[in-house]
Amino acid sequence: MSLLLSLRRKDGLAKEVAALSEQNLYACYQCGKCTAGCPVASIMDDPPHQIVRFLQLGQTDKALKSDTPWACVGCLTCAGFCPKGVDLARIMEALRTVRLRRLDAPFRYTQEDGEWLSNLPQSAVVAAMRKVTW
Amino acid sequence: MVIQPAAVRSRGGDEEGNVVEKEKKLLGYYPGCELRSRARALDISARRACQSLGITLKELKDWTCCGGLVAQVNDNYMALLAPARVLLGAHAQGFKELVTLCAFCFNTLRRAAFFLERHPEARRKVATFLEVETLPQVRVLHLLEALRDSAGFDRIRESVRRPLKGLRVAPYYGCLLLRPAQEIGLDDPEEPTLMEGLLGALGCDVVDFRSRTDCCGSYHIVTNQGAAAQCAQVILHSAADAKADFLVASCPVCQFNLDWSQTGSGNTGMPVVYFPQLLAFALGEPAEALGFDGKGAAALNLSAYAAKEEALRESS
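Chain order of the listed sequences is A and B.
Read left to right, the first sequence gives residues 1 to 134 (the numbering used here).
Read left to right, the second sequence gives residues 1001 to 1316 (the numbering used here).
With the Cβ distance kept under 7 Å, some of the chain A side facing chain B (calculated, not the full set):
#1 L20
#2 E22
#3 V40
#4 I43
#5 V73
#6 L76
#7 R90
#8 T97
#9 L120
#10 P121
#11 V125
#12 A127
#13 A128
#14 R130
#15 V132
Derived by calculation from the structure, the hints in this document are not laboratory data.
Every residue gets a Cβ at the ideal spot worked out from N, C-alpha and C, and that includes glycine.
Extracted from the complex, chain A is given alone in its bound form (with noise of 0.2 Å):
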């Protein structure tokens, strides 16, 4: 029952993800390829095709809780990989997007972190800034 009126995408995150990331999220049928090619699938609570699912199925709370989105570094692997053209990384982004406009993030640099990142390739600091955290 919960199943199916879940169906009638009556839960505003699936559409605010899919407006946010351009991307048509029931055109996805769960084959797995973007899992099978995602090379930081091993570190992601969530393999990336089940993300979808959840927003599918209107499992909000498992969607927001869910890590992997953090572990998606955009390399875009899985969009070229995807038989129906979703491009997953626009999902990940979107819902790391809803989280942040939450202020709600499970990463924060401290200030301990600033040697560490005084080493790095400073695209990458700013990269990783403006992706994983506000």
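Given chain A, put chain B in place with the hints provided.
Coordinates of chain B only, in the frame set by chain A:
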């Protein structure tokens, strides 16, 4: 080893044997932050290589940050300001084309230009914020395609003074040069040939290896070093399995990640160099001037190669 200066070599003959001056080409050039700090070798070698090919890279005056990476959501207009500002500066200085070298800058500027072209609302808002009437259209190029289109790999092959024969190189593209293919359109996203073409023209043995379009871990080096190291190790081992002497990168972040992940126990001894370094070296520029120094194995291998080659010349 005597190598003629580039200016003398650049005179070629036409079919009747008349001397024709090599065509000079001026291109707007956006180096980006990395090329002014850690990846200075990339900047210096690219300038030298282009100069000896008759291409002048004219650096944009007062350039600013490209923005790191472009936002992949459609309402993040703030993230478009930095790239839009760079493109605006290029246009104001009379450049219709802008050459970039860093894959981050290239990807960010090209994707931002693509996005702004297709989203009038975003274009209007960004223009208002930057206090201009309209945003200009500037073509963002990568040096690889500028070399292909302005010089041509055949002419590069003719200009090579030090053919890198027998040097086994693994061209590594990474993500940002190729993807997303619909927006970047630099080369085939799964079977790219651009770097193979260039390195082949230098006389290198280009090895085929599995991971040439894999991700190096990118900014995970900041947030999750374990993940970055894991990505980099796959690439390094793939190149080592193909028995490459060099892994050839074009992106300063890839270069850092691949180099850094070899500092600990995961050392595959694979030197990571930039493609313009090999290009400039093959065109006859001295190895010492190309930033190979202090990079361990890369410098050693190249000097050894130069010495071996010199010995061969002397004996013949």
